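Counting from 62, one number per residue, gives the positions in the sequence shown under our numbering.
Don't read these hints as lab results, they were simulated from the structure.
Check the hints yourself; a few may be wrong.
SDA-like mimics (lysine to any residue), calculated; alpha carbons at most 25 Å apart, straight line [claimed, not checked]: (1) K279 with L230; (2) K135 with A88; (3) K135 with A166; (4) K135 with R285; (5) K279 with A166; (6) K135 with T161; (7) K279 with P187; (8) K279 with I204; (9) K282 with A271; (10) K135 with E146; (11) K279 with L158; (12) K279 with F97; (13) K279 with L91; (14) K282 with A263; (15) K282 with V175; (16) K279 with R208; (17) K282 with A98; (18) K279 with S137; (19) K282 with A193; (20) K279 with A259.
Simulated restraints on C-beta separations [what the hints assert, rightly or not]: (21) E142 with T256: 48 to 56 Å; (22) L158 with A88: 30 to 38 Å; (23) A172 with R208: 32 to 40 Å; (24) S261 with E142: 20 to 28 Å; (25) A259 with K135: 19 to 27 Å; (26) I189 with G86: 21 to 29 Å; (27) A192 with L147: 39 to 47 Å.
Only a predicted model underlies this, so the values are computations on that prediction, with no experimental measurement involved.
C-beta atoms are modelled at their ideal positions from N, C-alpha and C, and glycine is treated no differently.
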Amino acid sequence: MSCKDRAVGSVKKWREDYVWRTLTGAALSLCFTTAFALYNGYLGLRHFSVWHMSIGGFYLLFTAIRGSILLTEKRSGTLTEQRRELYRKGSCLISSLLLTVLDLALMLPIALMVVLAKPLYIGLIPAIAMAAYTTWKITIASIHICRRRRFGEDLLLGELITVNFIDALVSILSLQNTLIMVNQAKTGDSGSMLTLSAVSSAVIYAAIIALTAQLLRKAVKGLRMS
């Protein structure tokens, strides 16, 4: 098969196979998220920023959870149908528990943002780039989570879609923190942002906790029905 035929086949599969498209998109997002985590870790270590170190560590652990889901999907293809289903349900439960722990760890960077503990100011251009990336991320994640009902029986795929949406919500928190720092550097005013930061962070964090709880409930229910 020529390169052209393979390219045409890949494009056709991308259009017609939603599951494959979701898994491939998650793999690509995994690479971007890893790079973003390492970048924040670098900024944190270089400039002794607790915010960047905490958000970088969060994203690294988050990447590990998403990677484990993709790895489980790949490995389960070699198992019998009965063992594959049990293996996937067990993996979903473990991932949900890890995500619950990770949600608790997210309280540190949120607390730092709410009290406006000033991190590194990264400038307007990186902030604009982050805004564009976050907009793309939340748009794609929202589209997938709306389509999730079509695959209600596929527990692992549903988990991956939910994890991607939580990732996008955390990106909004990170972007919010960056924009607050940009505004503070331009105007010198931080008091007026305190209430807005606290309220928006609380709403987003509540949504993250609700999604995680729903994921954990489905994972436990899935194992009980095995």
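To see whether the hints hold, each was checked on the structure:
1. For the hint linking K279 to L230, the alpha-carbon distance of about 21 Å falls within 25 Å, and the restraint holds.
2. Restraint check for K135 and A88: the C-alpha separation of about 12 Å stays at or below 25 Å, so the hint holds.
3. Restraint check for K135 and A166: not satisfied, since their Cα atoms lie roughly 29 Å apart, outside the 25 Å limit.
4. For the hint linking K135 to R285, the alpha-carbon distance of about 24 Å falls within 25 Å, and the restraint holds.
5. For a cut-off of 25 Å, the pair hint linking K279 to A166 stands: about 22 Å separates their Cα positions.
6. A threshold of 25 Å between alpha carbons decides the hint, and for K135 with T161 the separation of about 24 Å falls inside it, so the pair holds.
7. Only pairs whose Cα atoms come within 25 Å are accepted, and K279 paired with P187 is rejected, the gap being roughly 38 Å.
8. Proposed proximity of K279 and I204 is supported: the alpha carbons are some 21 Å apart, at most 25 Å.
9. Proposed proximity of K282 and A271 is supported: the alpha carbons are some 16 Å apart, at most 25 Å.
10. Pair hint K135 plus E146 holds up; C-alpha atoms about 13 Å apart against a cutoff of 25 Å.
11. Taking the CA atoms of K279 and L158, the gap is near 12 Å; set against the 25 Å cutoff, the hint holds.
12. Of the pairs offered as hints, the one joining K279 and F97 is violated, with about 30 Å between alpha carbons and a cut-off of 25 Å exceeded.
13. The hinted pair formed by K279 and L91 meets the criterion: a straight-line CA distance of about 24 Å does not exceed 25 Å.
14. The straight-line distance between the Cα atoms of K282 and A263 is roughly 28 Å, outside the 25 Å bound, and the hint therefore fails.
15. For the given pair, K282 sits about 36 Å from V175 by alpha-carbon distance, which is inconsistent with the 25 Å threshold.
16. In summary, the hint linking K279 to R208 is supported, as the alpha carbons are separated by about 17 Å, within the 25 Å threshold.
17. For the suggested pair K282 and A98, the alpha carbons sit about 33 Å apart, so the restraint of at most 25 Å is broken.
18. At roughly 19 Å between alpha-carbon atoms, K279 and S137 fall within 25 Å of each other, so this suggested pair holds.
19. Under the criterion of a C-alpha separation no larger than 25 Å, the hint pairing K282 with A193 is inconsistent with the structure, at around 38 Å.
20. Between the alpha carbons of K279 and A259 the distance comes to roughly 30 Å, so the proposed pair goes past 25 Å and is violated.
21. Between E142 and T256 the beta carbons are some 54 Å apart, a value that agrees with the proposed interval 48 to 56 Å.
22. For L158 and A88, the hinted distance range of 30 to 38 Å is not satisfied, since their beta carbons lie about 23 Å from each other.
23. Taking 32 to 40 Å as the suggested C-beta distance range, the pair A172 and R208 conforms, at roughly 34 Å.
24. S261 and E142 have their C-beta atoms about 45 Å apart, which leaves the hinted 20 to 28 Å range violated.
25. Distance hint for A259 and K135: a CB-CB separation of about 42 Å, inconsistent with the stated range 19 to 27 Å.
26. For the pair I189 and G86, the beta carbons lie near 24 Å from each other, so the given range of 21 to 29 Å is met.
27. In this structure the supplied range 39 to 47 Å holds for A192 paired with L147, their Cβ-Cβ distance being about 43 Å.
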